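Here the protein sequences come in this chain order: A and B. For the first sequence, UniProt numbering assigns the number 1 to the initial residue and increments by one for each residue that follows. For the second sequence, UniProt numbering assigns the number 1 to the initial residue and increments by one for each residue that follows.
These are calculated hints, taken from the structure and not from any lab test. Only a predicted model underlies this, so the values are computations on that prediction, with no experimental measurement involved. Note that the Cβ used here is the ideal one computed from N, Cα and C, for glycine as well. Some hints here could point you the wrong way.
[Stated by the list, open to error] Each computed DSS-like pair below joins lysine-lysine, with the alpha-carbon atoms no more than 25 Å apart:
hint, chain 1, residue 1, chain 2, residue 2
1, A, K274, A, K123
2, B, K188, A, K188
3, B, K6, A, K6
4, A, K25, B, K6
5, B, K25, B, K6
6, B, K197, A, K197
7, A, K197, B, K6
8, B, K188, A, K25
9, A, K87, A, K333
[Unchecked claim] Have a look at the derived ranges for each label pair, beta carbon to beta carbon:
hint, chain 1, residue 1, chain 2, residue 2, range
10, A, L367, B, D153, 41 to 49 Å
11, A, R199, B, E342, 39 to 47 Å
12, B, V249, A, A120, 39 to 47 Å
There are 2 protein chains.
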Amino acid sequence: MNSRPKVIIIGAGFAGLYAAQELAKSDVDVLLIDRNNFHTFTPLLYQVATCALDPSSIAYPVRTIFRTQESISFLLGDVTTIDYEQKSVTVETQSGEQQHHYDYLLLATGSITNYFGQEAIEKHAFGLKDLDDAIKLRHHILKLFELAAWSTDTAERDALTTLVVVGGGPTGLETAGALYELYNHVLKQEYNTVEPKMRARVILLEAMDNLLAVYPERLQRAAKKQLESLGVEVMLNAKVSDVTPNQVVLADGRIIHSHTLVWSAGVQASPIVKMLDVETVRGGRLPVLPTMQVAEREGIYAAGDLTYLEDSDGKPYPQLIPVAKQQGILAAKNMLRQQRGETLGEFSYSDRGIMATIGRSRAVAWLFYRVQLTGFLAWLAWLFLHLVVLMGFRNRLSVFISWVWNYLTYDRSVRLILNNEEQGGERNDEADQQAA
Amino acid sequence: MNSRPKVIIIGAGFAGLYAAQELAKSDVDVLLIDRNNFHTFTPLLYQVATCALDPSSIAYPVRTIFRTQESISFLLGDVTTIDYEQKSVTVETQSGEQQHHYDYLLLATGSITNYFGQEAIEKHAFGLKDLDDAIKLRHHILKLFELAAWSTDTAERDALTTLVVVGGGPTGLETAGALYELYNHVLKQEYNTVEPKMRARVILLEAMDNLLAVYPERLQRAAKKQLESLGVEVMLNAKVSDVTPNQVVLADGRIIHSHTLVWSAGVQASPIVKMLDVETVRGGRLPVLPTMQVAEREGIYAAGDLTYLEDSDGKPYPQLIPVAKQQGILAAKNMLRQQRGETLGEFSYSDRGIMATIGRSRAVAWLFYRVQLTGFLAWLAWLFLHLVVLMGFRNRLSVFISWVWNYLTYDRSVRLILNNEEQGGERNDEADQQAA
Numbered sequence: 001m002n003s004r005p006k007v008i009i010i011g012a013g014f015a016g017l018y019a020a021q022e023l024a025k026s027d028v029d030v031l032l033i034d035r036n037n038f039h040t041f042t043p044l045l046y047q048v049a050t051c052a053l054d055p056s057s058i059a060y061p062v063r064t065i066f067r068t069q070e071s072i073s074f075l076l077g078d079v080t081t082i083d084y085e086q087k088s089v090t091v092e093t094q095s096g097e098q099q100h101h102y103d104y105l106l107l108a109t110g111s112i113t114n115y116f117g118q119e120a121i122e123k124h125a126f127g128l129k130d131l132d133d134a135i136k137l138r139h140h141i142l143k144l145f146e147l148a149a150w151s152t153d154t155a156e157r158d159a160l161t162t163l164v165v166v167g168g169g170p171t172g173l174e175t176a177g178a179l180y181e182l183y184n185h186v187l188k189q190e191y192n193t194v195e196p197k198m199r200a201r202v203i204l205l206e207a208m209d210n211l212l213a214v215y216p217e218r219l220q221r222a223a224k225k226q227l228e229s230l231g232v233e234v235m236l237n238a239k240v241s242d243v244t245p246n247q248v249v250l251a252d253g254r255i256i257h258s259h260t261l262v263w264s265a266g267v268q269a270s271p272i273v274k275m276l277d278v279e280t281v282r283g284g285r286l287p288v289l290p291t292m293q294v295a296e297r298e299g300i301y302a303a304g305d306l307t308y309l310e311d312s313d314g315k316p317y318p319q320l321i322p323v324a325k326q327q328g329i330l331a332a333k334n335m336l337r338q339q340r341g342e343t344l345g346e347f348s349y350s351d352r353g354i355m356a357t358i359g360r361s362r363a364v365a366w367l368f369y370r371v372q373l374t375g376f377l378a379w380l381a382w383l384f385l386h387l388v389v390l391m392g393f394r395n396r397l398s399v400f401i402s403w404v405w406n407y408l409t410y411d412r413s414v415r416l417i418l419n420n421e422e423q424g425g426e427r428n429d430e431a432d433q434q435a436a
Numbered sequence: 001m002n003s004r005p006k007v008i009i010i011g012a013g014f015a016g017l018y019a020a021q022e023l024a025k026s027d028v029d030v031l032l033i034d035r036n037n038f039h040t041f042t043p044l045l046y047q048v049a050t051c052a053l054d055p056s057s058i059a060y061p062v063r064t065i066f067r068t069q070e071s072i073s074f075l076l077g078d079v080t081t082i083d084y085e086q087k088s089v090t091v092e093t094q095s096g097e098q099q100h101h102y103d104y105l106l107l108a109t110g111s112i113t114n115y116f117g118q119e120a121i122e123k124h125a126f127g128l129k130d131l132d133d134a135i136k137l138r139h140h141i142l143k144l145f146e147l148a149a150w151s152t153d154t155a156e157r158d159a160l161t162t163l164v165v166v167g168g169g170p171t172g173l174e175t176a177g178a179l180y181e182l183y184n185h186v187l188k189q190e191y192n193t194v195e196p197k198m199r200a201r202v203i204l205l206e207a208m209d210n211l212l213a214v215y216p217e218r219l220q221r222a223a224k225k226q227l228e229s230l231g232v233e234v235m236l237n238a239k240v241s242d243v244t245p246n247q248v249v250l251a252d253g254r255i256i257h258s259h260t261l262v263w264s265a266g267v268q269a270s271p272i273v274k275m276l277d278v279e280t281v282r283g284g285r286l287p288v289l290p291t292m293q294v295a296e297r298e299g300i301y302a303a304g305d306l307t308y309l310e311d312s313d314g315k316p317y318p319q320l321i322p323v324a325k326q327q328g329i330l331a332a333k334n335m336l337r338q339q340r341g342e343t344l345g346e347f348s349y350s351d352r353g354i355m356a357t358i359g360r361s362r363a364v365a366w367l368f369y370r371v372q373l374t375g376f377l378a379w380l381a382w383l384f385l386h387l388v389v390l391m392g393f394r395n396r397l398s399v400f401i402s403w404v405w406n407y408l409t410y411d412r413s414v415r416l417i418l419n420n421e422e423q424g425g426e427r428n429d430e431a432d433q434q435a436a
């Protein structure tokens with residue numbers, strides 16, 4: 001059995017998971033490494049942050065996903081070194097370092113928040129890239145509203161209840177919309193301990209002169225209109241120049257008094273790509289061949305957000321889940337082809353369109369880049385798509401029930417501030433002191 | 001409106017919550033103070049610890065419970081001083097200290113784990129008294145099994161997968177049973193990365209010579225038999241004399257190699273009772289009059305686990321939820337009677353019996369101290385009772401769905417290790433180092 005190849009996949013996101021599922025069908029041993037013991041359904045992170053879903057509704061244990069596939073093992077840990085000459089990977093685990101040899105390696109650790117080198121923003125902003133981010137943001141907002149409920153200083157109270165979201169992409173829109181709904185349907189009623197009544201603001205900042213840059217103009221306008229009809233204030237051409245614990249400063253000098261800045265204005269490739277000593281391109285992305293191979297790095301493939309690959313028109317493929325999935329599957333197939341000495345396939349993206357949701361019954365969708373949907377119909381399309389792709393039947397069922405329940409009642413039951421001291425993080429402590 | 005009395009309730013457990021609900025019907029202002037922003041349905045904490053339920057399924061935001069009751073306000077914070085002469089309470093909040101005056105005060109902060117002064121146990125054991133405890137234990141067990149999955153040293157692996165529960169009361173039985181089911185139906189299948197196959201042990205230690213001390217002998221025997229038929233090892237007359245990060249030492253010299261000791265061998269009154277400068281009795285409990293008043297402390301009532309009160313036979317009322325509820329309601333009614341100058345009522349416990357669950361389809365119940373049920377019928381009674389009393393319809397629905405789903409599939413989906421560094425706690429780190 002010396003010929004049974006060993007594949008290591010780093011990252012249990014969409015690219016890594018689909019690659020592993022593809023490889024499970026064949027005669028290879030797969031070691032899947034991740035720093036979490038679960039896969040995260042990232043498109044719904046904002047729903048965890050806004051108290052609509054439990055963390056476990058959008059996260060699924062990796063070992064459960066592969067419980068019947070004996071050829072796939074899982075290791076919980078951080079990769080610290082990739083020795084691409086010796087073909088081995090070093091992993092920092094709870095019990096120390098482990099070294100694992102590979103015949104084929106797939107890099108699929110995705111992307112992280114990009115603060116574009118602005119340290120003040122990085123220090124004070126909340127990202128929304130993983131489950132810890134989402135839980136931190138949830139705790140932060142709930143703690144601010146507990147403060148606001150007892151604050152008799154109107155200016156202070158307004159600052160505590162002003163939530164700023166930066167970035168006019170789908171994540172920014174979804175987050176801003178969900179935050180306003182959380183306030184409007186839940187917090188407004190429950191956090192009015194003192195007079196005068198609380199008024200919260202949710203402000204969406206976009207540096208360019210339109211939202212949803214890659215969408216047709218009609219959908220851009222519809223998205224803005226829907227956000228505003230919901231209650232979100234949209235500020236275009238609004239570039240953040242500085243952030244402190246209690247204010248957001250714009251490039252034109254305007255100041256927004258707020259303790260909460262959610263940053264969804266950009267991503268950069270996971271820093272793991274640096275371990276390959278390859279020159280990276282825009283946003284730290286790793287250039288790959290159309291076969292998903294990394295040039296001059298024998299046996300190494302990459303897929304998903306951390307890769308850079310252009311289509312036949314010279315346009316880079318976007319950092320989206322469908323791209324990651326399809327690249328992961330192609331990488332897996334190509335490893336098997338390479339092993340058998342066959343010709344490798346090249347990536348071509350099967351693209352069904354793009355969509356963004358804005359809140360209850362509000363969304364925009366551009367199906368197959370032909371059909372433009374707005375409002376309730378677009379929202380239904382979004383709902384259906386997300387339910388279909390959610391991993392695991394149990395999760396799908398529970399997410400669906402939570403959604404229907406929320407839709408009917410505006411209930412947001414997942415409003416727990418857990419483990420005050422330990423889950424706070426730097427930003428919380430500072431904001432709290434400022435509010436004091 | 002000078003005559004509208006102000007009631008402060010400390011603690012949003014069962015006693016405090018039921019008192020507040022009672023007071024909401026009358027012409028009084030209530031301030032409810034708790035260190036968490038949610039009420040916890042404590043009987044199901046062990047299900048959170050064993051990955052069967054989400055934290056939010058057994059916790060409900062206090063503000064939601066009272067969203068329609070304008071006379072009830074909520075304050076998130078820790079009470080640091082009770083000035084019973086001046087009738088005021090000092091609360092440490094996120095934004096500093098707040099002082100609140102009361103006409104009537106209800107102490108209802110319940111109980112905490114009792115380690116009986118054994119520092120080694122306190123340092124290394126896991127309690128199971130609040131949601132943070134439950135989440136810590138969940139993370140700890142999952143991390144140990146991740147280690148065990150890769151351990152090639154059989155002795156080390158056995159220690160990692162040996163879970164010890166101390167205490168033969170209902171909580172100990174439930175926890176031991178649920179831990180074994182977690183292993184037997186989930187972890188066993190998913191954590192077998194290396195040969196030989198993993199064998200976990202769950203050991204229940206009880207210092208006395210029988211389980212469930214206050215139950216009839218027939219139910220005691222049935223409980224032990226059901227636990228053993230499940231797979232739990234029951235050790236009677238087994239007193240813990242020392243604990244280290246990797247072993248449990250019994251009084252007779254026996255040593256159990258284990259990294260996990262769950263301590264459910266006793267509770268003591270919440271330390272808040274010391275603030276009243278009243279002499280406490282067994283387990284630090286605060287003696288109360290049958291009216292739930294604290295003698296010589298004008299306007300102060302107490303209810304629930306932290307109180308000490310004897311029935312007409314001179315037997316102390318047990319520290320159980322139904323007692324807490326009924327005492328909370330009586331305390332609230334007596335405050336109103338005192339305000340109106342009426343005669344106060346005295347506590348008499350309406351007792352419907354006791355029950356303990358042991359696992360899927362296994363339980364014992366002693367209904368009205370007449371009907372003795374064991375096995376599936378007792379389990380159905382337990383299930384029904386808990387569903388009926390769970391707070392809030394949404395939670396009830398979601399808990400019910402999770403249960404039915406778990407029952408049919410043995411699924412345990414809530415197996416997330418979140419926020420590795422921040423939620424670890426001392427015990428985790430030590431265990432991990434030992435295992436290294």
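Structure versus earlier hints, numbers of those that do not hold, lowest first:
2, 3, 4, 6, 10 and 12
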